[in-house]
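Asker: Given next are the chains, with one letter for each unit.
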Amino acid sequence: MHYSTSGLESARRHVGDEVRVVIESDSDIVLAREHGRLIGKKLGFSATDLTLIATAISEVARNILVFAKNGEIVIREINEHGRTGIQIMAKDNGPGIPDIALAMQEGYSTGKGLGMGLPGSRRLMDEFQVISSVADGTIVEMKKWVNKNG
Amino acid sequence: MEVPILKQGGYLIATIQAALSDADLIKLQDALVEQVGKYRSKGVIIDVTALDVMDSFATRTLRSIAHMIKLRGAETVICGIQPEVAFAMVQLGLTLEGISTALDLEEGLALLNKRTREREAARGR
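One line per chain: the protein sequences are A and B, in this order. Under the working numbering, the first residue of the first sequence carries the number 1, and numbering increases by one thereafter. Under the working numbering, the first residue of the second sequence carries the number 1001, and numbering increases by one thereafter.
Treat each hint with caution, since some may be false.
[Said to hold, decoys possible] Straight-line C-alpha distance at most 25 Å; calculated SDA-like pairs for lysine to any residue:
hint, chain 1, residue 1, chain 2, residue 2
1, B, Lys1027, A, Ser27
2, A, Lys69, A, Glu18
3, B, Lys1070, B, Gly1124
4, A, Lys143, B, Val1090
5, B, Lys1007, B, Arg1040
6, A, Lys42, B, Phe1087
7, A, Lys41, B, Val1048
8, B, Lys1114, B, Leu1071
9, B, Lys1027, A, Lys42
10, A, Lys42, B, Leu1051
11, A, Lys143, B, Gln1082
Since the hints were derived computationally from the structure, they do not count as laboratory data.
Sequences are here, hints too, so could you generate the full structure?
Answerer: See below:
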């Protein structure tokens, strides 16, 4: 697991659908996870993986709502080194996370959640990165690959 | 999407029928806590069979509901957590410790019957 501060959107081939969901109310969270399920299903994820993806989307979308009030979730298919996967980006222009390592700590909470939003979502996905600055807000990027053991 | 609450004998049965927003969950909480008093219910079943995601907010709210219902003198059983949902909850580190759960509605009712009988017996002593 690494928390890089640059190179998040490095040149990469994007194929297929991309869905953007604006997050500004709690019903948008439901919408975002439904889109995640739809795209994931099309890519061939198992029922269990679809639930893990939807749950991770729910957590990062709620983080946007709680900490930044609004932002967006971008969901898309990715193809890299012959693998297919799903990428979820949660972006906001909120206050940013001053200490990412601290926010990623199990049980750490600002009191608005259970303290498992970020560390929990990380466990549900294959790859996970947080980029945040107090000036520019936060981007959480998560990926999961289809049949990673297949 | 509002959750219908069915009154059956001394029990309330809330059957979640589709994905719920945070606001829907809070509405369910308020309705159950109120109706337990109104109908003097001894038990509450929350059937989450149709719920495809139990994230940290949903889990925390269900836990709060069960605790509030307990404070109102009744028992709560949560039934129908799907296998994939259970898997995701464990991965996420979410627990329903201290909350009664059952495989489905039938098992949930059986558990409530047992619990309320025990309660009555303890009172009779």
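Asker: Are the hints correct? Go through all of them and say.
Answerer: Comparing the hints with the structure gives:
1. B:Lys1027 with A:Ser27: holds, 14 Å
2. A:Lys69 with A:Glu18: holds, 23 Å
3. B:Lys1070 with B:Gly1124: holds, 20 Å
4. A:Lys143 with B:Val1090: holds, 20 Å
5. B:Lys1007 with B:Arg1040: Distance ~11 Å between B:Lys1007 and B:Arg1040 Cα, so the pair holds.
6. A:Lys42 with B:Phe1087: holds, 22 Å
7. A:Lys41 with B:Val1048: The hint holds at about 22 Å.
8. B:Lys1114 with B:Leu1071: holds, 19 Å
9. B:Lys1027 with A:Lys42: violated, 34 Å
10. A:Lys42 with B:Leu1051: Within the cut-off at roughly 21 Å; holds.
11. A:Lys143 with B:Gln1082: Given that 25 Å is the threshold and the Cα spacing comes to 24 Å, the pair holds.
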